[in-house]
Amino acid sequence: DGLRTKPFIYIDGVNEHDAIGFELHTAHLDNDTLLDLIITSPYAQPHGYDQPQQGAVWIFLSSDFMNKQQIPDRQITINNASFTLFGESAKSKFGYSLQIIPPSCISHITSSPVLLISAPANQGKLYLFVIESQPRLIMTLQGVQNNDHFGQSFSIQPDKCWLAVGSPTQSIDWYGAVDIIPLNNLFNKNKLHLDRSDRSILISIHGDRIFERLGHSVQWTPQGDLVISAPLGKGKLLPLQLEKSEGYVYIVPANRIPSRPDPKIHYISTMSSIIYVAHNRLNRFGSQMNVLSSTSVSYLVISSPFTDMYDDVRLPGMLYVQQLK
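Residues 11 to 335 in the working numbering are what the sequence shown lists, from first letter to last.
Please keep in mind that the hints were generated in silico from the structure rather than gathered at the bench. The model shown is predicted, which means the values in this text are computed figures rather than measured ones. Just to be clear, a hint being listed does not mean it is correct.
[What the hints assert, rightly or not] Once the Cα atoms are required to be at most 30 Å apart in a straight line, the calculated DSS-like pairs of lysine-lysine come out as:
1. K199 - K274
2. K335 - K170
3. K201 - K274
4. K199 - K101
5. K170 - K199
6. K201 - K170
7. K274 - K244
8. K335 - K244
9. K170 - K274
10. K274 - K335
11. K244 - K254
12. K201 - K101
Work out the full structure: start from the sequences and follow the hints.
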C-alpha cells in the first residue's frame, strides 16, 4: 500500500535514557517471509531510573504482531519486544553497533541468523548471538587494553568473510587501529570467550597521526576495498593554535590486504592508496560513513558535522558524496 501518512505502529521507550533507535535494522530472523525489526540503545537502563546504563537490543518478530487487534491504538513499548538483550556490565555501551553476519559466513556453524553486537566502552567487546527459539550467546571477542574502544565500528566483507574492527583510541596518544579478522578462523577456535591472542588477525593497520582515532568508522566497498576514517588527527604534538586537527578518510585497496596472516604492524599511510580530506580543519570529517550501491555504481557518503563554509552560520555541517571506482 506504500507509506502511510501516519505511523502504522508506535514503539515507545519506557525508562529514562532508553533513547531507543540509536540503530535500526531489519532482517529475517525466523522462518517466515516477513522482515523483523531490531532496535538498539547503548544507554538503556534495564531496570529504570537510577540504575546502570548497560545498553540494550530489542528484537520485534513480525509474526508476534500479525494480529493487529493485539496492539491497542497501534501503540506498543519496548516491553512488548519478542526478545531483549542487555549488556553484561554498566556503561559498556552494548548495542552501539550491530550487523547481521552473512549466512554464507556461518553456514558451517548454524543455519540460524547470527547478530554481531558491540559494547565498545573501555577495552571494548563484541558479542555474537544466534537467534533460535531464544537468542543464544555463541562467542565474545574482547579488546586488549583499557580505552581501546574495540568494536566502536566494524564491517563484514561478505565474499571473503573478513571482519574489520576499529579500535579508535588504541595506544596512549589515540592513534587508533583496525584489525582484519577472518571469521572462519574465529569459529574454528571452539571457545566462547576470545581475546586478541585467539583472534588469528589477518593484518593490523595502525594510525600514524597523533590523536587521529583511526577506525572511528570502517566500511567495506563492493569491490573489496576497505574505507577507514580518522576524524581527528595532527602531525605533531603542538598546541591547537599552532596545528589544528584534521579529519582523514583512507581507502585501503583490496590488493594490499594479504590473504595470509601478517604479524607485522602496518601503518595507514603506506597501506592506503587514496586519502580524502575536507575543505577545512576542525571538521570531524569522517565521523560517519556509508557506502550506497546499485548494480552499476557505488558512492561513499562521508559526514563532516563541524564543517563551516559560511561566516553567518555556525557549524552547519556537510555531507560529501564520492563515486567509488
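- [ ] Mind listing which of the numbered hints don't hold for this structure, in increasing order?
- [x] No hint contradicted; all consistent.
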